[in-house]
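Please build the complete structure, drawing on both the sequences and the hints.
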Amino acid sequence: MARAPLPNAPGLDSLIEALRVLPGVGPRSAQRMAYHLLQHERSRAAQLARALAGALASVRHCSRCNNFTEAELCTLCRSSGRNPALLCVVETPADLSMVEQTLSYAGLYFVLMGRLSPLDGIGPRDIGLDHLLARATDGIVTEVVLATNFTNEGEATAHYIAEMLKARGVTASRIARGVPLGGELEFVDIGTISQAMLDRRGL
Amino acid sequence: MTRRRAVHEPGYVLHTYPYKETSLIVELFTRQHGRVGLLAKGARRPRSALRGVLLAFHPLHLSWSGSAELGTLVAADWAGGQPALSGIGVMCGFYLNELLLRLLPREDPHERLFAVYAASLAQLAAASDRAAVLRCFEHRLLDELGYAPLLVRDAASGAPVDPGRRYEYDPERGPLAANGSAGAVDGQTLLDIARDEYSRETTREEARQLLRALIACRLGSQVLHTRAVLAELQDL
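First to last, the sequence lines map onto chains A and U.
So for the first sequence, this note's numbering puts the first residue at 25; every next one is plus one.
So for the second sequence, this note's numbering puts the first residue at 5; every next one is plus one.
Derived from the structure by calculation, the hints contain no laboratory data.
Accuracy of the hints is not assured; some may be wrong.
Claimed, not checked - Derived pair list, reagent style SDA-like, types lysine to any residue, alpha-carbon separation capped at 25 Å:
id: 1; chain 1: U; residue 1: Lys45; chain 2: U; residue 2: Pro14
id: 2; chain 1: A; residue 1: Lys190; chain 2: A; residue 2: Leu170
id: 3; chain 1: A; residue 1: Lys190; chain 2: A; residue 2: Ala200
id: 4; chain 1: U; residue 1: Lys45; chain 2: A; residue 2: Arg56
id: 5; chain 1: A; residue 1: Lys190; chain 2: A; residue 2: Ile164
id: 6; chain 1: A; residue 1: Lys190; chain 2: U; residue 2: Asp133
id: 7; chain 1: U; residue 1: Lys24; chain 2: A; residue 2: Met137
id: 8; chain 1: U; residue 1: Lys24; chain 2: A; residue 2: Leu170
id: 9; chain 1: A; residue 1: Lys190; chain 2: U; residue 2: Arg231
id: 10; chain 1: U; residue 1: Lys24; chain 2: A; residue 2: Glu208
id: 11; chain 1: A; residue 1: Lys190; chain 2: U; residue 2: Lys45
id: 12; chain 1: U; residue 1: Lys24; chain 2: A; residue 2: Gly145
id: 13; chain 1: U; residue 1: Lys24; chain 2: A; residue 2: Ala200
id: 14; chain 1: U; residue 1: Lys24; chain 2: A; residue 2: Leu222
id: 15; chain 1: A; residue 1: Lys190; chain 2: U; residue 2: Leu237
id: 16; chain 1: U; residue 1: Lys24; chain 2: A; residue 2: Ile164
id: 17; chain 1: A; residue 1: Lys190; chain 2: U; residue 2: Arg134
id: 18; chain 1: U; residue 1: Lys24; chain 2: A; residue 2: Leu76
id: 19; chain 1: U; residue 1: Lys45; chain 2: U; residue 2: Ala10
id: 20; chain 1: U; residue 1: Lys24; chain 2: U; residue 2: Leu74
id: 21; chain 1: A; residue 1: Lys190; chain 2: U; residue 2: Leu234
id: 22; chain 1: U; residue 1: Lys45; chain 2: A; residue 2: Leu36
id: 23; chain 1: U; residue 1: Lys45; chain 2: U; residue 2: Ser27
id: 24; chain 1: U; residue 1: Lys24; chain 2: A; residue 2: Lys190
id: 25; chain 1: U; residue 1: Lys45; chain 2: A; residue 2: Gln55
id: 26; chain 1: A; residue 1: Lys190; chain 2: A; residue 2: Thr175
id: 27; chain 1: A; residue 1: Lys190; chain 2: A; residue 2: Asp213
id: 28; chain 1: U; residue 1: Lys45; chain 2: A; residue 2: Thr175
id: 29; chain 1: U; residue 1: Lys45; chain 2: A; residue 2: Ile164
id: 30; chain 1: U; residue 1: Lys24; chain 2: A; residue 2: Leu36
id: 31; chain 1: A; residue 1: Lys190; chain 2: U; residue 2: Ala131
id: 32; chain 1: U; residue 1: Lys45; chain 2: U; residue 2: Gly91
Shown next as structure tokens:
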């Protein structure tokens, strides 16, 4: 629903406009948030503004893995307990934290912050593929584990990274897909079972 | 306002866009309704049954309802029977989808093109001659849109195209005989495109250029992202 701009409050209008960048926030929600902050939460609104400005000033991308960090190198990349010969490529920081929670991977990471998505106009430079190639060919990395999502976009991303690495003599591997752990075939979606059949392996 | 409803309609996902917190807007190509945009409520929830289903390049059966510009997806079922695209095939699939998204108006049925699209995906999955699959699709698409290129007759003289001659190609009119070795395409290329025959090397290259130019005329100022992304990948 369109709201006529208030004649005396251009600041309110620009706040509403700014809040709309948040995912899932349309004009109505943005208006509600802005009124709420200005009516009831003025001190915490100031806190929000400071936190936002602070994060923007201090948080940047790790120069090795591209994840968010406040230092030149993130804690993971600085850690001495990791195997530097293994590099795992994930789409987002959330994916990285999932792989970390498994406690079954001891190598390092590269976070793409996205995926190749030609229909959305997202190309290799938007996800830092040039940066990844430089990182993977540093002479220490011997295997790159591609842990992009099993969507068409994730598959295309994995394919092109693998091709580029192969051309440069670096081994690439792809995480396995199939029936989830503890999954009973009866309750697994058909697409997954169909892929699991195609990707079956010898025992 | 017309009420629209479909039950168990064969179709493919062309693209999805996130909508609000947990939903998706799905662009579909369906057999009887052509290109359709639907709202898939809750499709992005972690345990949504639609997650493994609303993927491009897989045959689906779709049911929807709704009266507005954007209907609501009621059910999407896996129709199966086709292996997933992989590697370069995925990129070729994105290209087909982008052509359909940009050139097909919504709610305009194209049953023949739908059959061609389904067959093209199956061929891409089988990793057959991908370039030939794309050229055939481009040709059929122009045909369905009402811009079938003239290929077998000279646009000026009306004489049958001579396989041994060179031709210029005017996008609005058709082939025009050129002098000697000047001109953009062999007569043979034009005849090959007309019968979907892409084994000749010169035909492959010239057909690619010619069909690209013809599609560019239909796209106007729109840019094909898929091509730009492929070019960028080549550079790396």
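*Keeping to a limit of 25 Å between CA atoms, is the pair of Lys190(A) and Leu237(U) held or broken?*
Distance ~14 Å between Lys190(A) and Leu237(U) Cα, so the pair holds.
_So if I understand the rule, the pair passes when the alpha-carbon distance is 25 Å or less; does Lys45(U) with Gly91(U) pass?_
Measuring from Cα to Cα gives roughly 30 Å; hence the hint is violated.
*Restraint check for Lys45(U) with Leu36(A), where alpha carbons must lie at most 25 Å apart*: 32 Å, violated
*For the pair we were handed, Lys24(U) and Gly145(A), check the Cα-Cα distance against 25 Å.*
21 Å, holds
*For the pair we were handed, Lys45(U) and Arg56(A), check the Cα-Cα distance against 25 Å.*
23 Å, holds
*CA of Lys190(A) to CA of Leu170(A), is that 25 Å or under?*
13 Å, holds
_Checking one constraint from the list: CA of Lys190(A) to CA of Thr175(A), max 25 Å. Satisfied?_
Distance ~22 Å between Lys190(A) and Thr175(A) Cα, so the pair holds.
*Taking only the CA atoms, is the gap from Lys45(U) to Pro14(U) under or equal to 25 Å?*
At roughly 20 Å apart (the allowed maximum being 25 Å), Pro14(U) and Lys45(U) satisfy the hint.
_Just to be careful, I want the Cα atoms of Lys45(U) and Ala10(U) compared with a cutoff of 25 Å; is the pair within it?_
17 Å, holds
_Distance restraint between Lys190(A) and Ala131(U), which requires alpha-carbon spacing of 25 Å or less_ = Between Lys190(A) and Ala131(U) the Cα gap is close to 20 Å, so the pair holds against 25 Å.
*Verify the proposed pairing of Lys190(A) with Arg231(U), using a straight-line Cα cut of 25 Å.*
Given pair Lys190(A), Arg231(U) holds - Cα atoms ~23 Å apart, limit 25 Å.
_Lys190(A) and Asp133(U) were given as a pair; does the straight-line alpha-carbon distance stay at or below 25 Å?_
23 Å, holds
In this structure, the hints that do not hold are numbers 8, 10, 11, 13, 14, 16, 22, 24, 27, 29 and 32, in rising order.
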